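Novice: What follows is each chain in one-letter form.
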Amino acid sequence: MDAPNIIARRIARELSSGMLVNLGIGIPTLVANYVPPGIHVFFQSENGLIGTGPIPEEGMAHPTLTDAGGRPVTALPGASTFDSAVSFGLIRGGHLDLTVLGGLQVDQSGRLANWMIPNKMVPGMGGAMDLVSGAKRVIVAMQHTAKGKAKIMKNCTLPLTSMRAVDLVVTELAVIAFPQGRATLIETGPGVTAAQVAAATEAELLMPTHIPEMPQ
Amino acid sequence: MKTVPLDQAVAMIPDGASVMVGGFMGVGTPERMIDEIVRQGKKDLTVIANDTASPKVGIGKLVRAKLLRKAIVSHIGLNPETQQQMMSGALEVELVPQGTLIERIRAAGFGLGGILTPTGVGTLAEQGKRQIELEGKIYLLETALAADFALVHAFLADYLGNLAYALTARNFNPVIAMAGKTVISDADHIVPVGVIAPDHVITPAPVVDYLIANS
Numbered sequence: 048m049d050a051p052n053i054i055a056r057r058i059a060r061e062l063s064s065g066m067l068v069n070l071g072i073g074i075p076t077l078v079a080n081y082v083p084p085g086i087h088v089f090f091q092s093e094n095g096l097i098g099t100g101p102i103p104e105e106g107m108a109h110p111t112l113t114d115a116g117g118r119p120v121t122a123l124p125g126a127s128t129f130d131s132a133v134s135f136g137l138i139r140g141g142h143l144d145l146t147v148l149g150g151l152q153v154d155q156s157g158r159l160a161n162w163m164i165p166n167k168m169v170p171g172m173g174g175a176m177d178l179v180s181g182a183k184r185v186i187v188a189m190q191h192t193a194k195g196k197a198k199i200m201k202n203c204t205l206p207l208t209s210m211r212a213v214d215l216v217v218t219e220l221a222v223i224a225f226p227q228g229r230a231t232l233i234e235t236g237p238g239v240t241a242a243q244v245a246a247a248t249e250a251e252l253l254m255p256t257h258i259p260e261m262p263q
Numbered sequence: 100m101k102t103v104p105l106d107q108a109v110a111m112i113p114d115g116a117s118v119m120v121g122g123f124m125g126v127g128t129p130e131r132m133i134d135e136i137v138r139q140g141k142k143d144l145t146v147i148a149n150d151t152a153s154p155k156v157g158i159g160k161l162v163r164a165k166l167l168r169k170a171i172v173s174h175i176g177l178n179p180e181t182q183q184q185m186m187s188g189a190l191e192v193e194l195v196p197q198g199t200l201i202e203r204i205r206a207a208g209f210g211l212g213g214i215l216t217p218t219g220v221g222t223l224a225e226q227g228k229r230q231i232e233l234e235g236k237i238y239l240l241e242t243a244l245a246a247d248f249a250l251v252h253a254f255l256a257d258y259l260g261n262l263a264y265a266l267t268a269r270n271f272n273p274v275i276a277m278a279g280k281t282v283i284s285d286a287d288h289i290v291p292v293g294v295i296a297p298d299h300v301i302t303p304a305p306v307v308d309y310l311i312a313n314s
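In order, the protein sequences belong to chains A and B.
The opening residue of the first sequence carries number 48 in the numbering used here; numbering runs sequentially from there.
The opening residue of the second sequence carries number 100 in the numbering used here; numbering runs sequentially from there.
Hints are not guaranteed to be accurate.
[As the list claims (entries may be wrong)] When the alpha-carbon atoms are kept at most 25 Å apart in a straight line, the in silico PhoX-like pairs for lysine-lysine are as follows:
| id | chain 1 | residue 1 | chain 2 | residue 2 |
| --- | --- | --- | --- | --- |
| 1 | B | Lys155 | A | Lys167 |
| 2 | B | Lys236 | B | Lys142 |
| 3 | B | Lys236 | B | Lys101 |
| 4 | B | Lys155 | B | Lys165 |
| 5 | B | Lys165 | B | Lys142 |
| 6 | B | Lys169 | B | Lys155 |
| 7 | B | Lys236 | A | Lys183 |
| 8 | A | Lys196 | A | Lys167 |
| 9 | B | Lys142 | B | Lys155 |
| 10 | B | Lys165 | A | Lys167 |
| 11 | B | Lys169 | B | Lys101 |
| 12 | B | Lys169 | A | Lys167 |
[What the hints assert, rightly or not] Okay, the calculated bits of chain B under chain A, using three or more residues with CB under 8 Å as the criterion:
| id | stretch |
| --- | --- |
| 13 | 105–114 |
| 14 | 245–251 |
[As the list claims (entries may be wrong)] Estimated spans, in silico, between C-beta atoms of each pair:
| id | chain 1 | residue 1 | chain 2 | residue 2 | range |
| --- | --- | --- | --- | --- | --- |
| 15 | B | Pro305 | A | Arg118 | 14 to 24 Å |
| 16 | A | Asn202 | B | Ala110 | 46 to 56 Å |
| 17 | B | Pro297 | A | Lys194 | 23 to 33 Å |
| 18 | B | Leu259 | A | Met48 | 38 to 48 Å |
Quick caveat, the hints were computed from the structure, so don't treat them as lab data.
The structure presented is a predicted model; accordingly, all values stated were derived computationally and were not measured.
Every residue gets a Cβ at the ideal spot worked out from N, C-alpha and C, and that includes glycine.
My request is simple: use the sequences and hints to build the entire structure.
Specialist: Here is the structure:
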């Protein structure tokens, strides 16, 4: 299994029935493929949809039924649509149980940078700042390193998305939580040792005595 | 509410106007109005919208034709031309968190001076903003954002101008309909009064100034 799917499958274990969940573009989108059997969650697209379903069959796309990337989706039975003010009211108002976002960097207290690289890539924050500030739980889905460089760092060098620390970072090498504001290795990736995680991480990682491997 | 042909509706927009445009990545954007703005060659517009779509879609066409002086948007990541024009200084881009942008527009349309949001505290988005602490929590004071025109795409409009929307094409449309000094709507279907049941009207007719006639 490749890194994005290892990450997505692990994050899907955080889902429980009845949750309202927002998945960002990229690896987070894959989480929908691993919803455990018997678990029913509501997926939100921040362009105004709860009950986002899979990509439509060939020829069945509707031009006004899209996800936040503008791509065609389907709507599941029980779906609802609404305007952008309601959509972000859901996000900021304590109604969104979980958001899963991609990341460029995370610092050792759990603060995320994921919306720009100054003078290089300025896509805009879109909904990311609201999602990280407002969701009840925030999980970052990202590869552990970028071109060999650590992305989990002492301090982010890129502009932060929010001052609010994320709850969990899931990579192909590790699951990291931030109890008391300190990066803590709580699981290692399949076949990965804690030493390998530490070597690929710039942040100071707390290492509990027992660190289980990510459940398969 | 008056019904007007497309060219006359767009002719009302002067160069230099501020224009709110509905749509999310072009979905729910009044595409005919965009094409007519390009055809009439309006200049120095300030566009307020969720995003600048992609180069050949929706607001992306205004960017490509270099008709914009400023864009107040949350996202330009899928339009490299907006990024190029921003980097070269040809286009001023004000990036606003999406939830803050829609609330600033809503505030204007709902008669409020602004809103308090926790989004953006401690980030680049707080530059130039006042922080206000309420009951131990820090918020940014974000001011209301109005515009000269709101260009609203609807699914249904009745003869009076009541509007209903379709699926994810709703997005910014009903919110900007409250915040434009002049509101022009283009609907996929114009239907008799009563076809849209009162409970299904999302934008009430009195806020719509002009409805674009079928061509």
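Novice: Work down the list of hints and note, for each, if the structure agrees.
Specialist: Results of checking the hints against the structure:
1. B:Lys155 with A:Lys167: The given pair, whose Cα atoms are some 23 Å apart, holds under the 25 Å limit.
2. B:Lys236 with B:Lys142: 43 Å, violated
3. B:Lys236 with B:Lys101: This hinted pair is violated, its Cα atoms lying about 47 Å apart.
4. B:Lys155 with B:Lys165: Distance of about 13 Å is within 25 Å: holds.
5. B:Lys165 with B:Lys142: With Cα atoms ~8 Å apart, lysine 165 of chain B and lysine 142 of chain B stay inside 25 Å; holds.
6. B:Lys169 with B:Lys155: Holds: lysine 169 of chain B and lysine 155 of chain B sit about 19 Å apart, inside 25 Å.
7. B:Lys236 with A:Lys183: Holds: lysine 236 of chain B and lysine 183 of chain A sit about 16 Å apart, inside 25 Å.
8. A:Lys196 with A:Lys167: OK: lysine 196 of chain A and lysine 167 of chain A at ~17 Å, within 25 Å.
9. B:Lys142 with B:Lys155: 19 Å, holds
10. B:Lys165 with A:Lys167: This hinted pair holds, its Cα atoms lying about 22 Å apart.
11. B:Lys169 with B:Lys101: 30 Å, violated
12. B:Lys169 with A:Lys167: 20 Å, holds
13. 105–114: It is violated: at least three residues are needed, and the stretch 105–114 of chain B offers just 0 whose Cβ sits closer than 8 Å to chain A.
14. 245–251: violated (count 0)
15. B:Pro305 with A:Arg118: 14 to 24 Å: Violated - the Cβ-Cβ distance for proline 305 of chain B and arginine 118 of chain A, about 36 Å, lies outside 14 to 24 Å.
16. A:Asn202 with B:Ala110: 46 to 56 Å: For alanine 110 of chain B against asparagine 202 of chain A, whose Cβ atoms are near 54 Å apart, the range 46 to 56 Å holds.
17. B:Pro297 with A:Lys194: 23 to 33 Å: 58 Å, violated
18. B:Leu259 with A:Met48: 38 to 48 Å: The hint (38 to 48 Å, Cβ to Cβ) is violated, given that leucine 259 of chain B and methionine 48 of chain A are roughly 58 Å apart.
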